[in-house]
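Visitor: Work the whole structure out from these sequences, hints included.
Next come the chains, spelled out residue by residue.
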Amino acid sequence: EAGVAQSPRYKIIEKRQSVAFWCNPISGHATLYWYQQILGQGPKLLIQFQNNGVVDDSQLPKDRFSAERLKGVDSTLKIQPAKLEDSAVYLCASSLIGPRYGYTFGSGTRLTVV
Amino acid sequence: AQSVTQLDSQVPVFEEAPVELRCNYSSSVSVYLFWYVQYPNQGLQLLLKYLSGSTLVKGINGFEAEFNKSQTSFHLRKPSVHISDTAEYFCAVSDNTDKLIFGTGTRLQVFP
Chain A
1 EAGVAQSPRY KIIEKRQSVA FWCNPISGHA TLYWYQQILG QGPKLLIQFQ NNGVVDDSQL
61 PKDRFSAERL KGVDSTLKIQ PAKLEDSAVY LCASSLIGPR YGYTFGSGTR LTVV
Chain B
1 AQSVTQLDSQ VPVFEEAPVE LRCNYSSSVS VYLFWYVQYP NQGLQLLLKY LSGSTLVKGI
61 NGFEAEFNKS QTSFHLRKPS VHISDTAEYF CAVSDNTDKL IFGTGTRLQV FP
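Those sequence lines, one after another, are chains A and B. Under the numbering used here, the residue at position 74 of the first sequence is numbered 74, and the numbers go up by one with no gaps. Under the numbering used here, the residue at position 55 of the second sequence is numbered 55, and the numbers go up by one with no gaps.
It should be emphasised that the hints constitute simulated quantities derived from the structure, not laboratory data. No experiment lies behind these values; they were computed from the predicted model shown. Check before you lean on any hint, since a few could be wrong.
[As the list claims (entries may be wrong)] Some, not all, of what chain A presents toward chain B, calculated at C-beta under 8 Å:
| hint | residue |
| --- | --- |
| 1 | G42 |
| 2 | L45 |
| 3 | D56 |
| 4 | S95 |
| 5 | G108 |
Built from N, CA and C at the ideal position, the CB exists for glycine as well.
Guide: Listed below in structure tokens is the structure:
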């Protein structure tokens, strides 16, 4: 089966600009996650979707970050305006339903804010 | 709330030596436990997972981990490491909320 697709692979922007990341999960996977991984740290969950509804966005900085999952399939994560501390790898993952079925991660988008 | 502690940020080891990467978790409910490996500039790859049953779990690349409920630990072991095992290793926990929470990672550096 095809894996979790993410684009772009790399992005460099100036602070205060906006940026968007795209994720296409594995077909049929109901749950989709966005993680932020700052260099030298473990991935931090930003938002969790179940189909097209938000399950948990308690860690999402809502003043600048937004995410949507249209029709319960693809998802986009947006940052507007970006700050220097947003420099990180943004990982998308999907799961059939729950941990018993495992989580599959994409290769991530590396964002550098200068 | 769940949390994961990886006590060792870096573990240096010589090739063919055994290694143990430590992981402790905190959760008030039944948990599922995972170890992921991340090679440079790559995504996360599942090494192994504990869902239920036998507390000794075998994974890919010769790794295994033991779930110890009384000590709330899930340490990762390999009897003989290779240069190619050099990578970042993450322990993670999930419960019935389906959220996957990661530790801060352990950098395994294997020297010839």
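Visitor: For this structure, which hints from the list above don't hold up?
Guide: none
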